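*Asks:* The residues making up each chain are set out below.
Number of protein chains: 4
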Amino acid sequence: MILVLKQDATMNAIATLIDLLKTMGVSVQEIKGGANPMLGIAGDVSAFPEDTIARNELVETILHVREPYKRAGRRFHPEDTLVTVGNAKIGAGHFAVMAGPCSVESEDQILSIARDIAGSGATFLRGGAFKPRSSPYAFPGLGLDGLELLKVARQKTGLPIVTEIMSSEHLEAFAKDVDVIQIGARNMQNFTLLREVGALGKPVLLKRGLSSTIEELLMAAEYLINGGTENIILCERGIRTFETATRNTLDLSAIPVLKQKTHLPVIADPSHGTGYWHLVEPMALAAVAAGADGLIIEVHNTPQTALCDGQQSITPEVFHHLMKKIQRVRQAINVNNRED
Amino acid sequence: MILVLKQDATMNAIATLIDLLKTMGVSVQEIKGGANPMLGIAGDVSAFPEDTIARNELVETILHVREPYKRAGRRFHPEDTLVTVGNAKIGAGHFAVMAGPCSVESEDQILSIARDIAGSGATFLRGGAFKPRSSPYAFPGLGLDGLELLKVARQKTGLPIVTEIMSSEHLEAFAKDVDVIQIGARNMQNFTLLREVGALGKPVLLKRGLSSTIEELLMAAEYLINGGTENIILCERGIRTFETATRNTLDLSAIPVLKQKTHLPVIADPSHGTGYWHLVEPMALAAVAAGADGLIIEVHNTPQTALCDGQQSITPEVFHHLMKKIQRVRQAINVNNRED
Amino acid sequence: MILVLKQDATMNAIATLIDLLKTMGVSVQEIKGGANPMLGIAGDVSAFPEDTIARNELVETILHVREPYKRAGRRFHPEDTLVTVGNAKIGAGHFAVMAGPCSVESEDQILSIARDIAGSGATFLRGGAFKPRSSPYAFPGLGLDGLELLKVARQKTGLPIVTEIMSSEHLEAFAKDVDVIQIGARNMQNFTLLREVGALGKPVLLKRGLSSTIEELLMAAEYLINGGTENIILCERGIRTFETATRNTLDLSAIPVLKQKTHLPVIADPSHGTGYWHLVEPMALAAVAAGADGLIIEVHNTPQTALCDGQQSITPEVFHHLMKKIQRVRQAINVNNRED
Amino acid sequence: MILVLKQDATMNAIATLIDLLKTMGVSVQEIKGGANPMLGIAGDVSAFPEDTIARNELVETILHVREPYKRAGRRFHPEDTLVTVGNAKIGAGHFAVMAGPCSVESEDQILSIARDIAGSGATFLRGGAFKPRSSPYAFPGLGLDGLELLKVARQKTGLPIVTEIMSSEHLEAFAKDVDVIQIGARNMQNFTLLREVGALGKPVLLKRGLSSTIEELLMAAEYLINGGTENIILCERGIRTFETATRNTLDLSAIPVLKQKTHLPVIADPSHGTGYWHLVEPMALAAVAAGADGLIIEVHNTPQTALCDGQQSITPEVFHHLMKKIQRVRQAINVNNRED
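If you read the protein sequences in the order shown, they are chains A, B, C and D. Quick note: the first sequence uses this note's numbering, first residue 1, plus one each step. Quick note: the second sequence uses this note's numbering, first residue 1001, plus one each step. Quick note: the third sequence uses this note's numbering, first residue 2001, plus one each step. Quick note: the fourth sequence uses this note's numbering, first residue 3001, plus one each step.
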């Protein structure tokens, strides 16, 4: 961090500011030679009250050289993180697809879908037991009963289960029964929940908030790591823009940007990211081509009667063909350049 | 809600669709005379699985005539809601200012600020005990100790206290000690928390999410009302846009739009809404001129050493002058047109 | 278009409104059976003063069933448009890559790049002679001299040239010398220029505006078609969002959405769309996987000394390898499903 | 501008980079003492190829201390600019209202409105002769005939006229007949038009683009100044966001930000900024309270039959009352603090 000071700052005033800064646990270096006097701030700046210092009458502006996250970043952790759940692996060159319905609705439904997607090559079963709904009158999911049905499906298919937690009161149940705990987009900055889920030490699927920057997503991951888990899968699921032709704008450039900045695996959600089932295939393939470590896709056996998000779910048959195409695109991008 | 059907839909297929719709607890009317056949959906559509029906092969598109919220809207509740807390009133023609520091830091600090703002005419004391911080390393607030300090300040000044809840685990403490429970922008769609806080039946300050639409804000209020409280104060606090000259873009047009759509009082937060203390005065006055029922403003006695958000806090002296200007703008806009 | 009328509208008032509407050259049908009376507006609504009618005291809201564009849409022109320029083809199953420097700088530079990209399989040469720069002090391009250099490069390589027009005063020169006339993002709603360029009847590359919706892009194409050309290539080049990690947010979902709505070919610009050369490859491949009909890519032989946009240009060598990967991804997605 | 170099940059490599930079007409100073070596770039950096230098292998990042505009900024031109047109004045403490219809439709219409608004205190007549319309089929304005009608209205009322130019071909007519030439939002980055209009030396009303940052607006003003005029009025007219309850999001915080950064007068357009006539009054008053130097407001004598934008026009009677309220808010905010 560099404090650019006002051009007319006196040496005395600067010395006083330096003394103040040193009480804040950082080291301070004078930087000379520019048009303005400047101070370099180093050491542990993680708790440095930057916004307040910006208010200081000597300070013209504050410039940043480094990113604010540490353990989520590649700088101090250059090698890829591999998340392993039973036989399923994701990250560090391993690609995985999570599939399943928006909401768990019945044992027949979840078993049928789980068997179909497993047959097509998915290695995680996703399904909502607790659903965040913008209306208090909409179907909120089956709750703990839904969790039981997911467990049945896991037992029958061997697929680890991914499902969203919405409240601290279910921490114990999720710790016991869920393989990958999902933090949804609306809770990405629910810092209390991040700390608590991190403390469980289990794998987490962390979705990007609807208007969260890539840096904020990494800071949310930093909360989880700080809480106690490094087994984090990041998920781009669309951001909010002015465009109304799609439900959200799937920001696929976030994938290569994240792969550069962090060691954590990164997946994409073309179902929520677009909101329309016919956009799922092209955007799933595009995410793979952009370098994603995996995908999370809504699959429903009877989407026209689904209790939630039927408009963006694909059928098991469409999913089956998509998995083959995904495979081909993976091969296409992974050929070593030297073979050309 | 109107389902616009495909032009080539057969009468038989339409009849089958109507039967399906009727099983969903709504009434269905055929609408004739347009270029496409249409179905009008009436009755209680609050749990209607619209996104799934949109997937039906007969349906070309779905059009909405009505807003999705009910009890938060003016349609069934035309008269303004007045929120009363002790001697303080807001809404239904009553204007109120909430002021105080971003974070409670010490007894001296909060008492000094509380006395100053009370002397200038503020009628609520705001101050953070639990702080949502994007970094896990930043000052998180004093927690329950901060709540105790706020209670001391209330006792000395008589000002009711407004402070943010971040976790269900503090529901009991907030129910007992806090006058107005704040739901922050990042928790506006934490539906679990909305239900739980609503169930307390206490006044709530609900802040608009960083990328939430006005309709989503009203749906969050609907959650609170559905949970058990109608004493809700809505707060415009800036939305996220591409502009970087301000921390957020304070959407003041949300004020007259909300005043038209809902009976709930609406205030503005020019401190978070802009991020810079020198923009607080012009935007506070603008919010008043736009018809706000009140303001929430960060005031700190020594902003240059504040532990959080010092850059956007004004001093008690600046606040004092601002309160006089607010008074004058209030008078300017409230003169009856007939007196002109 | 459907006018939803107020519930308490009298039959007399409705009859008067119908008479008014009929004077506007549209046909009007009463739609009965819904909760509100409604009027269906049909016929040629292209000049219908919708915003004014929305103001009518009887009208509660206006709903749209149809898109506002006609000749750019698939409804009345279902088959793909193929744009042919000399030996180069794009659209209707033909894929093409346009490559070259941001700015033409010298004969050596443009010839060297043109030969390299032709050798790698590009079929169009792009290069800026007139450059839109946000600063009046930045390098504005070589102007007509740059055009001459592009012509030399075309003569030596046979590649048709794509370059941006910025002013009506150059219409004649572009009509004579340029193969594909580019309308840049900042001029996408320069309606005067759209009409004039359309009237030339030549192929046009139309870039999406920084904050233009997909519908507005298609309306701009409608201007060109109305002016006199149907040989239009649409280009997604990134939209403006709150994210700052990339220069723009490349909206790849616009590709399948556009392919569904319009018959015109659609390409992507991963160079401007991301702003960083190391993001060009993953986003180029992603665009191909999403179904793009082509790409436009900045290639510079010495990007570190380029006079403009060096940060987002790739070298001819990187381009060469990218072209091979593009080829492989094209094959991967084009295998017929029946072969699976 | 500060180039932050990589930590492992050798002294030799840095010396070579410094030599390269010096050939670009800037002065370079080594800045020592920070964690990374840095170079300060001073002198005339207006044409410095920053994006290309960012690509240099030694450069980690580039930091900015100064704004990129010069003559539009307060740094070298601290005193307010006063724009004078006949008897009308705006800026430097002078407040002015521009009013009139979206489109000039007939002599009766424009004369009637002009007389009404003059009677209510407006000092400029605005009215569109050339209209930018997103559809090629919508009413494009009366063109040069509209200009003639505006001249008649000016002759009868004495009000100077403000109208939008859309094409270079009308430069001569506008130079001769128009008092304040408007550059619309869609042409804010039509750099050719900016240069040409600037060269006329006449007063210009420059509207902010739909997704333009405040800095880009000031760079567009810099083009005009560089072209030849300093009589520029800036206009905030709403930006594009995700919110759909209003046509645009009127960014009123842009007013105090602009007043701080530039000497040019700043006005607001609550008609286009909101899109709804009933939001014009609250947002007009809010703009005044935020410190605007003026307003531009759509007024139509029969908005329900207006040929364009009737939904956002107010009647002369509503305008009359609004002018009185504006007066009162102006007085309320202008009382000197010392009088409190």
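In short, the hints are calculated from the structure, not lab data. Every value quoted in this text rests on a predicted model; they were computed, and no experiment measured them. We put the beta carbon where it would ideally sit given N, CA and C, even for glycine. Treat the hints with care, as some may be off.
What the hints assert, rightly or not - From the derived model, a few chain B residues whose C-beta atoms are all more than 10 angstroms from chain A:
{"id": "1", "residue": "I1018"}
{"id": "2", "residue": "V1026"}
{"id": "3", "residue": "V1065"}
{"id": "4", "residue": "D1108"}
{"id": "5", "residue": "G1121"}
{"id": "6", "residue": "P1132"}
{"id": "7", "residue": "A1175"}
{"id": "8", "residue": "C1308"}
{"id": "9", "residue": "D1309"}
{"id": "10", "residue": "H1321"}
Said to hold, decoys possible - Okay, the calculated beta carbon distance ranges per label pair:
{"id": "11", "chain 1": "C", "residue 1": "D2044", "chain 2": "D", "residue 2": "G3143", "range": "21 to 31 angstroms"}
{"id": "12", "chain 1": "A", "residue 1": "G119", "chain 2": "C", "residue 2": "G2093", "range": "29 to 39 angstroms"}
{"id": "13", "chain 1": "C", "residue 1": "G2093", "chain 2": "B", "residue 2": "P1078", "range": "32 to 42 angstroms"}
{"id": "14", "chain 1": "C", "residue 1": "D2019", "chain 2": "D", "residue 2": "G3143", "range": "25 to 35 angstroms"}
{"id": "15", "chain 1": "C", "residue 1": "G2093", "chain 2": "A", "residue 2": "H94", "range": "29 to 39 angstroms"}
{"id": "16", "chain 1": "C", "residue 1": "G2043", "chain 2": "D", "residue 2": "A3173", "range": "29 to 39 angstroms"}
{"id": "17", "chain 1": "B", "residue 1": "Q1007", "chain 2": "A", "residue 2": "T305", "range": "19 to 29 angstroms"}
{"id": "18", "chain 1": "D", "residue 1": "T3305", "chain 2": "B", "residue 2": "P1078", "range": "51 to 61 angstroms"}
{"id": "19", "chain 1": "C", "residue 1": "D2019", "chain 2": "B", "residue 2": "Q1007", "range": "39 to 49 angstroms"}
{"id": "20", "chain 1": "D", "residue 1": "T3061", "chain 2": "A", "residue 2": "P78", "range": "15 to 25 angstroms"}
{"id": "21", "chain 1": "B", "residue 1": "D1044", "chain 2": "C", "residue 2": "D2044", "range": "31 to 41 angstroms"}
*Asks:* Return the numbers of the hints above that this structure violates; sort them in rising order.
*Replies:* 6, 8, 9, 13, 18 and 19
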